[in-house]
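Based on the hints, put chain V in the right spot on chain G.
2 protein chains.
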Amino acid sequence: MRQFSVVQWQALTTLPYFPSFKIPQSDLMNLPDLLDTLAKNSDRHLGELVEWLKIPSISSDTSRRAETAAAADWVAAKLQQAGLATELVPTDGHPMVFAETPAVPGAPVALVYGHYDVQPVEPMDQWHSPPFEPTVRNGNLYARGATDDKGQLLTHVQSVCDWLATGQSLPLQIKFLIEGEEEVGSENLERMLPSLRDRLACDCVVISDSSQYADGQPAITYGLRGIATYELEVNGPSQDLHSGSFGGAVMNPAIALCHLLSSMVDREGRIQIEGFYDDVIELSQAERDAWAELPQSDEAFAKSVGVSELFGEKGFTSDERRWARPTFDINGLQSGHQGEGVKTIIPAAALGKFSFRLVANQDPVKLTAAIERHLQQHAPAGIRYTLKPDHGAPGMLANPQSKFAVAASQAIESAFGVAPVMIREGGSIPIVTRFQDVLGCDCLLMGWGLSDDNTHSPNEKFKIQDYHRGIAASAILWDELGKLSESK
Amino acid sequence: MRQFSVVQWQALTTLPYFPSFKIPQSDLMNLPDLLDTLAKNSDRHLGELVEWLKIPSISSDTSRRAETAAAADWVAAKLQQAGLATELVPTDGHPMVFAETPAVPGAPVALVYGHYDVQPVEPMDQWHSPPFEPTVRNGNLYARGATDDKGQLLTHVQSVCDWLATGQSLPLQIKFLIEGEEEVGSENLERMLPSLRDRLACDCVVISDSSQYADGQPAITYGLRGIATYELEVNGPSQDLHSGSFGGAVMNPAIALCHLLSSMVDREGRIQIEGFYDDVIELSQAERDAWAELPQSDEAFAKSVGVSELFGEKGFTSDERRWARPTFDINGLQSGHQGEGVKTIIPAAALGKFSFRLVANQDPVKLTAAIERHLQQHAPAGIRYTLKPDHGAPGMLANPQSKFAVAASQAIESAFGVAPVMIREGGSIPIVTRFQDVLGCDCLLMGWGLSDDNTHSPNEKFKIQDYHRGIAASAILWDELGKLSESK
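Just so you know, the sequences run in chain order G and V. Residue 371 in the UniProt record's numbering is what sits at position 371 of the first sequence, and the numbering runs on without skipping anything. Residue 377 in the UniProt record's numbering is what sits at position 377 of the second sequence, and the numbering runs on without skipping anything.
For the record, the hints were derived by calculation from the structure and aren't laboratory data. Predicted, not measured: the structure shown is a model, and the values here were computed from it. Heads up, some of the hints might be wrong.
Identical chains share a label here; the pair holds if one copy fits it or two copies do between them.
Taking lysine-lysine and the DSS-like style, the derived pairs with C-alpha atoms no more than 30 Å apart in a straight line are [claimed, not checked]:
| no. | residue 1 | residue 2 |
| --- | --- | --- |
| 1 | K343 | K40 |
| 2 | K54 | K343 |
| 3 | K343 | K388 |
| 4 | K78 | K40 |
| 5 | K78 | K483 |
| 6 | K40 | K54 |
| 7 | K343 | K366 |
| 8 | K343 | K303 |
| 9 | K303 | K388 |
| 10 | K78 | K54 |
| 11 | K314 | K343 |
| 12 | K314 | K366 |
| 13 | K403 | K483 |
Just chain G, same shape as in the assembly:
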């Protein structure tokens, strides 16, 4: 079993991890001094992340309840020791951690949102080192939760704690909301959000739970897709039938399922459900032009996922398809005989799991009604079907030129040496749209991860250099946001 080695950290962290990029002028803080302090603390920063990652806080695993709570305690203790007013907020599931620095009249309020829970770790045999024994290889820290989201979230915790440790006050109020159920749908937080409105009141939510555009090319994400997931069960005969004795006279539920799912999307990925595109916000030419500038190679992208050719709606680039167009995917199929060899049956039932990614302004509830109409029109006789909507959330679209985005861009450029690109992402973070709606705030998604970090897969990792850069970018962000105070 490989053990994390102190020697290795030092070997890594003696490398200068802040290139001498231009550091913005500040009248609030001596930023060069602060960044120097952060650099000196880098071994401790990494050591603390390792400590946190050792706690197997798998929120979906009921046998890990105590460990999941322990991960909440760990970060609560860290924030409390740094002087923040900290509280563990119980929920019907795993607790939330709430912490805040003192209010600063006239200055903006930033709410850092993140989660301490992690995904399950199966399949175990594909991990090269145990998921809860953080291990350094090639400048990366490997562990479940390394990038999603303990590592990324901890950058903001470290910057705030180290800032306060200098003895100087922050130029704005910072609140932390750290939940333990992001990987299981954030249901308790969503439900409690309206009652927490005053407590969480803020101008801007800061979230680091996404990716850079590429290694060395940071990004600010101003759009996320929404999601709507479904199960469709088709039932035919009361049990599997012999396809010789009955084939041709009894509708086959697996054929009905294939026909129904096929009818929802054409061969080019255009969704065929009536009215599906009605509420889609089309891409602006400015966005298309900006994205066209991104260093992108369809060939390299296809190779990275192991396909010979990409695919998608005509008239759109791959980034446009993934970030700004709604899509349909089948996530699972199950029917009849799945074992070795042949079993010539008409299966009694067939199950399809499918999901849509939506763009901002598309309503999952409206979609469910449209799917129900579609099924009524297309279902053949001789079968019954049940559509079970699982969860849905609309997409998010923020202003990429807001004052907060400009501040974040400045902070990232200072720490990474490269100005971030403004992108959208294809995934969904349902709670973000809820923050916009309930708190009426702006959202800043600053991802420190990389697209090959194996989020939700074996061998999750986080590039150690990006952890340290993230801490620096976070500190500079507080300074930049402080400059937006009314008194300035």
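Chain V alone, transformed into the frame defined by chain G:
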């Protein structure tokens, strides 16, 4: 766990199971005496079937190799003890049992064909009693293989053994060919058949591996459908991908599979593969008229399989669709996430198992080539696919008015009290066509089963009364066939 109870058998078999129907005159055997003996042996007949059914001879399951062989040994021992020249013939797969009574110059030779292997038993949780613990309920014997084919085949074994036990010789030579690979395509037998031509030489093959037309209405089957089975695997990305990050830009193998399978058949069951119907022999008006006389109710049929409505090609009755029209069925689907809840992935792969039932004159090899062309025309970019033909066999069509059919009709009417109807069946017994071709013989398909026997499904059963009637009909058949001797 329910155990088979001796008391139950007796309760059932003390009922008179041979009504006093007219028994044909015979100058070869005292038939009333023989039938009386068979009735006295009925408990033993049932006990022996139970014993055989306890052996889990699932030919497709490589872990059941020893049990499959044990089922061959069991029936070989039974035939040998009765005095037949018996041999276990090894194959590249499971062994065949060959046995014969002495030659009778001038008399016809009958070859009884059957199989000792059985279908897989999944889904296990739907069995009301364990598949290999034969259990009596409501006059039926429940077990995997009860009707397909151990129970039906054993009727002929019992009639021959009991006949010989009377000390009298049979009026014709009877050969047995009992294989262990019928449920996996009979490949070894098919391959070896030409080299066994002399040994298997016969005038007529006798097979009981099909159904009566209805409970109490026996049938002789003069036509069977052919079969062609396939696996289609579709591969996309090298591993499951996050449907948010990649959805819309990478072809989803499960969608590709649904589109490909859907493209093979329309919503009314018409197969869409080019040239598919070219070689189909259309039904004669005489057959359609005869079948129209059969007592048939679509409503009752639909109810018996648990569907609200039947389905199929326009312009055909249900019997015509099942017996004389080619069909397409999906037998299994497998892709992506099948567990509880949601996993929003683009699955790396999708697998479909599908099969066609063919009518006589359609060639499975020609079909495979047509499917390959169809896939080439319809497969989307960005996936790879593999079509794996599993097994194929053409259909069979015999003369419903041959002298053997007339003899069989007489024997069945005597034992069941009702003249059999002449029908076709939708299932496939690939080897039958090969027997016709290679041995140049006639074929008699006398099914003792019922259409709701759950062949290939959980809760397979065989009506105990029909087992005993089958034994009697078999004995009378030997007598009737003996009357066809040259010397008569």
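Results for each hint:
1. K343 - K40: neither (62 Å within a copy, 39 Å between copies)
2. K54 - K343: between (42 Å within a copy, 21 Å between copies)
3. K343 - K388: both (29 Å within a copy, 15 Å between copies)
4. K78 - K40: Answer is within; shortest intra-copy Cα gap is 19 Å, inter-copy 88 Å.
5. K78 - K483: within (27 Å within a copy, 97 Å between copies)
6. K40 - K54: For K40 and K54, only the intra-copy Cα distance (24 Å) is at most 30 Å; the inter-copy one is 75 Å.
7. K343 - K366: Only across copies: K343 and K366 sit 22 Å apart there, 40 Å inside one copy, limit 30 Å.
8. K343 - K303: Classified as between: cross-chain Cα gap 24 Å, same-chain 37 Å, threshold 30 Å.
9. K303 - K388: between (36 Å within a copy, 27 Å between copies)
10. K78 - K54: within (16 Å within a copy, 66 Å between copies)
11. K314 - K343: The answer is between: 27 Å across copies meets 30 Å, while 40 Å in one copy does not.
12. K314 - K366: within (25 Å within a copy, 36 Å between copies)
13. K403 - K483: within (11 Å within a copy, 104 Å between copies)
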